[in-house]
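Asker: Chains as they are written, first to last, in my numbering: chain A, 1 to 484; chain B, 1001 to 1242; chain C, 2001 to 2590; chain D, 3001 to 3125; chain E, 4001 to 4082.
No lab work stands behind these hints, which were simulated from the structure alone.
Note that the Cβ used here is the ideal one computed from N, Cα and C, for glycine as well.
Think about it this way: if two alpha-carbon atoms lie no more than 25 Å apart in a straight line, the pair counts; the simulated DSS-like pairs of lysine-lysine are: (1) A:K428 <-> A:K357; (2) D:K3119 <-> A:K150; (3) E:K4024 <-> D:K3119; (4) A:K357 <-> C:K2110; (5) A:K199 <-> A:K264; (6) C:K2062 <-> A:K424; (7) D:K3119 <-> D:K3034; (8) C:K2064 <-> A:K424; (9) A:K148 <-> D:K3034; (10) C:K2556 <-> A:K349; (11) A:K425 <-> C:K2323; (12) B:K1183 <-> A:K60; (13) D:K3110 <-> B:K1156.
Beta-carbon label-pair distances, calculated as ranges: (14) C:P2457 <-> A:K424: 51 to 59 Å; (15) A:A45 <-> C:I2576: 41 to 49 Å; (16) A:A45 <-> E:L4022: 56 to 64 Å.
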Amino acid sequence: MSLGYYFLLPVLFSFLTPYFKKLGSFTLRGSSILLSLVLFLQTVAYVGVKLPQISQFSIKPPLGIAFILDGYSLLFLLIFTFSALVVSFYMYWFFEENSGRDEARFYVFFNMLIAGSIGMILSCDIFNLYIFFEITGICSYTLSAFNKDKLGLESGIKYLIIGSIASIFIVFAIMLIYLQIGTVNLGLIAQRFHLIDPKISVLIVLMLFIGFGAKAELFPMNFWAPDIYQGSISSVNGLFSSVVAKAYLFVFFHLFYLFNLGSKYMLFVMVIGAITFLVSEFTALNQTNVKRLFAYSTLGQLGILFMALSTNSSQTVSGALFHLTSHSISKLLIFLALGILIHKFKSAKIDILGNFKSGFLTIVLAIGFLSILGIPPFSGFVGKILILKGFALSQNYTAIAFILLVSIVEAIYFFRLTAMMLDKKRAKVTVKVGSVNYIILTLLAVLIILFGVYPSLLTHYTDLATNALLHPTNYLNYALGVGL
Amino acid sequence: MNLKKVLPLKHIVLSLLSSALLLSVVGLLMQVKTDMFKNVGTIYLNLNMQTAAANAVTSVVTFFRGIDTVGEVTVLFLATSGVALMLSATQRTCDKVVKQESFILNAGSRLLLSVIILFGVYIIIHGHLSPGGGFQGGVVIATAFLLLFLANPNMKLSHGILTLGESLSGATYVLVVIIGLFKMNILLGNFLPHPIGEIGELISGGIIPVVYILVGIKVGSEMSVIVEYFVKEDYYKEVCDA
Amino acid sequence: MNSIFLLLNLLPILFLYQFGGALHVSLPLTSEFTLSLIQTPLGTFFAYLSLISFLLVTIAQKSKKLACNYYVLQFLLSMAMLAIVLAGDFITFFIGWEIMTWSSYFLISKSNSIDIKSLQKYILFSLASAFSLIAGIVIAYSFAHSFDFSVISNSFKDMPFNIKVALIVLFSLSFFTKAGVIGLHYWVVDTYSKAPNLFSSILSAVMSKMGIYGLFLVYGNIVGYQELKMMFGTILNGTDFGYVLAWIGVATSIIATFKAITQDEVKRLLAYSSIAQLGYIIAVIGFGTTYGVAGAMYHTLIHTIIKLLLFINVAAIVAQTGKNRFSQLGGLIYRTPVSFVMLLIGIIGLAGMPPLGGFASKFMMYNAAIDTKFALILIGMLFSGAASFLYCYKLVYGIYLGHPTSKNLETTKEVPISYLIPQIILALLLVLAGTFPGAFIKIINPILVEFSLSTIPYSGLGVMNSAVGSFNGFFIMSAFVVFFVLILLLITRIKSKAKNNLNRFDISYCGEVPTQDTSLHFGFGFGTDLYRIKFVNAILKRSSSSFYESLATQTKKTSELFSRMYYGNIHNTMIIILLFFSTLFFIGVN
Amino acid sequence: MLDFFNNTQTIHMIIIIGSMALFFIGFYGIATQKNLVKVLVSFDIMESALFLFFIGLHYQVGLVAPIVDKNLKTFTSMVDPVPQAMILTTIVIGLAVLALGLSFGIEYYKLTGRNDISKMNELRD
Amino acid sequence: MIGLIILFTFLAVIAVALGAILSKDITQSVMLFMGVGLGSVVLFFIFQAPDVALTEAVIGTGLSTAVFLLGIRHTSQEEAES
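In isolation and in its complexed conformation, chain A is listed as follows:
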């Protein structure tokens, strides 16, 4: 068992995909599912193991590159591999329905998207992290253009342009770091970051902020994000929302706390997060396209997470990580369920989609909506109350009032959709849900309820993650190769 497999197995799979394709589509889909399953099971096997775990490449860490798994990355790893597993099952259905698509290449990009995201959260070397950033980036560009129609290509081009800007800023920052510190190992950088000239450190931080912030969809840099969601297929939307955006967020705060920027930039990140939340929730009110709507909703939730994660208090951060997990599951559920509807109606307009008739879909979508709104007994509630509790303990009443007020705006459009689903006056079209999707969606809904009524299942891991994030001593020791 080695952490390297998280990257190497998908790469091996991708390289061999042409041969899987020759063996027939069943083999192809099956092997992709198998791959996701293996990675997920490997992650599950890491649960309960003493953390951090390390897997070195070529040479011992401060010199070489290593993958390090601490509590913080374990949580994300669980989310990512689980999402990948769910989506790979869903894609089985998708390609059954949409034959003639370039299935093999989709699986290549899909698996590498996951592998790249996992690489970003595991790597302890900032240049290596940049490579994974690019892998994730290229996969996202292509996946958003996967439809090859006008909208898809447009979103691909837009994403590519933004990705290029972000990567240039990140490369610049890495160069400055290497020039100043003489290494790209995260441990050494963290150790020496306070020694560099403050002005240059501001420049470095700023460039990293622009680079990762633009990708993590922070406010003045997220005008592209809804377009990307609108142009791509909905399972990819689910991945963008629950995996890719979360991976960038992971890196953002990993670096934030490793470089110990909390004291200096906390307020700034918090305000940016708050503005993101406010603007996106208000904008979402005005949407007619369901994909755009949930894109804005994702942006809004990321805003809350940015607000809460930057606080440097273990209570709030733990709550935010809980909220993040629950948001990932809920958004995956929502996007996959919407995918079924969009496939049926061949449109993503809210007015048209509201005409479906399916008790099952209504229930799971309602569960997803309520969970994102933070209403008990669903998992979103626990996350939100933990965040609010954390803010209360630091007596930050402005943040509490802000979150609650904007949440009402959020409720407007979520319940408008719910009311539309429940409206009896519409001309209804019965939508059948296939057995695979039935199982997937039920699983996700059950998870949402389970984490809502029995949060201890998850809080254990979020507490681990919080501890690892806020006190990265162990991580640093491993990254520096101490005691290996």
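Based on the hints, put chains B, C, D and E in the right spot on chain A.
Answerer: Just chains B, C, D and E now, with coordinates in the frame of chain A:
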């Protein structure tokens, strides 16, 4: 109407902004001290005798930071797949038309082909001894095919062989990385015997030349595919328009 | 299906009875949250209130073919309410509160007459109420470091004054919204009138009482009436705080009463009446005296009984005739005599006339106002009490008296027995409450002890004691029954002689002969005359809807403003990113 | 005069100014250019500028390339190999993104006849 | 001496880059961009980075330009007048 009046203003503002940024960034970067800490590169140079590759850059690329190169190969592979995904459909729509080919160009390019490929192979194989390596050599090989395509657009690459080369070399590369785990208990360990001879000999450096040869094959075939797609795209477009 | 859920609804009652006040459960949710259920006298009172109401409504639902998910949601709702009233900490309370919100939302959405706008109104106000509640909860938590009621209650005294005020305001806003205080009642009428008919009874009778429970909990338990007195000082014999609250309540009841009179839809009238009655409760709840609390508590009980009775009665009529407006109903007294009697008992209770329970509760409330010397409040309460006679009259006349306004009303049959059983039970309860008002003192005294107020002396089942005086309910009831029987005999004697063979169109007014479609029913247009009274007209014309609608417009405009930024031009997005970088660079570096 | 120019300090200054000038030319380019191809060209210019900056600042007068040969048997007084390795990687990635972007652009042009990025506005409300 | 060479190469590269950005003709712009690449190759050689120089020559200048030229053959040649 108004736009044209506004546009130059925008340009002026942006150029002024760029200049201002330029000045302040330059002012800032002047303070960069490159000698605050010992660079990791100097440590690599000291260690380089152990890896036994004459070209330190190669040993950094393929060994010390070897996983970067796996990622890099993956990026290239993904880009190729992306280009293929984008440009493959049009090839199906019209592909019967034959463009006249010039015999002289054809023969000349075929003549050059072997020379260029040989040069590419040389660059790949000598990657650990002299400047160059798998990426550079692979691209040189691809340019040979570019020449061929330009001379004769009807030329068809055997995709089976290219795919085989690409997949096999890629898979072998990954296996090499994993074998290190079993042999040396570290991923991408240099498990082949090294140093065998003196530094600077062709067979030295353990897995480094092996990796670069695999990368060379992979990059060569990938780049040929990209080039083929772009050339054919161009060509079919012309034909379809006619 | 109905029987299964009937039994299911019976279970928690038996369960609660079995525990008999000793229920104390705690369930660790995470390392930080512990859900706890504690049975207090106050909670037990409300628990029985809601559980029995659910049981009765489930009986009434027997005759309706309702799907399984309807019953499941309703059961969930009853459990949520149970969680609210038995909660020992705010997290349990809030979880129950939110589950109550969304399960009732889905129940309301099952109605055929509901539209998206009303649903949105309902859920947004409910969520606003919930968010105001949670804001209060976390602010309290930030000082008490616990969600437990007792801990928060203990540490309340040490909080800074502005935090105390903020807490009281936030909690009050939340519970006022649920109870439908004027200004925050925007959602109430639409929701009550468009919800499924039988479910409206739960909304009005039980769910609004959760707001009252919350107020009792906060004023009585968390803050404590003593603390309220110390915080705000006293005026006359009551507290300043109670005085302000009393005005809010009285204003609510007066305005809602006038609005109720002018309604044409039966359920809208009942909805406004519900707001008005809750106004009384809110008026006395803040007095901080024994009789204020007792009056509020008694009226809670009576109002629950009456509203259940009236809504079930109306639901039965609507189900039977398919009509829900006064202008379409009328003359049903001969077709559905039992229903008529039930409604009559209900409105007698509603109007607060002796000998029924309504009188006892009003008696307590007026007494409380006299006790605290809030004369103006008393006048206001009396005024709205008198005005409420009008809508009570409209209710009984519009449906049952006069002539039927359409043909098929003449062939209507008596409503199904399943509707009548709960009505009869409720009517009996109402009669009993009037006959033995002293029994209530036994219930209320433990609660008063819980609030550390002085108890009411108990002197026999029939006697209701108060600070100002006392009355014997049993005596009044006996006297009433004697007179009633006498008058009934008299009337039947006269009536048997009178012949009722006139056609209702055998009249002409101003020389015109009415046609079949001329509505001669008195219920039609009843109350429109009120607009001619200047003072009332001013009240009726004002509406909170314009405020909320302009709020909605502003939100929409803001949304449009923001969405203009996301217009999909990647070039400008790039420029914005670069400008953002430059700005931050110049700020950060210099 | 020549000594002044052979000074490492001076060379670094030239490199910083020159590469940053190049960088901000690219910066100006992406801010003003609307043609997709020219935007990609601008990105590549910016990247080239960064490469020059990074490699340049690790060059000092007197250091040689990190390759041993017949004359030089030990790895001493050589320039740092790590930046070179990193830049090598980045160049390849740049090519990958470029090829991908161009293929998107070609397809988009085929469908719409446009490659002006400011006019790509099908994706909006 | 080296400093002067670096200086002049930089000046040339900057001039070419400006031309590439400001040129209205796409093909011209791409060819000028190749000039930037060539200049960089020279500079990389001077900076004792033969590996990077070779890579830049083959990939950054050679193949990139080829891909560009092949790609822009069928996108619009002129910058659209706005």
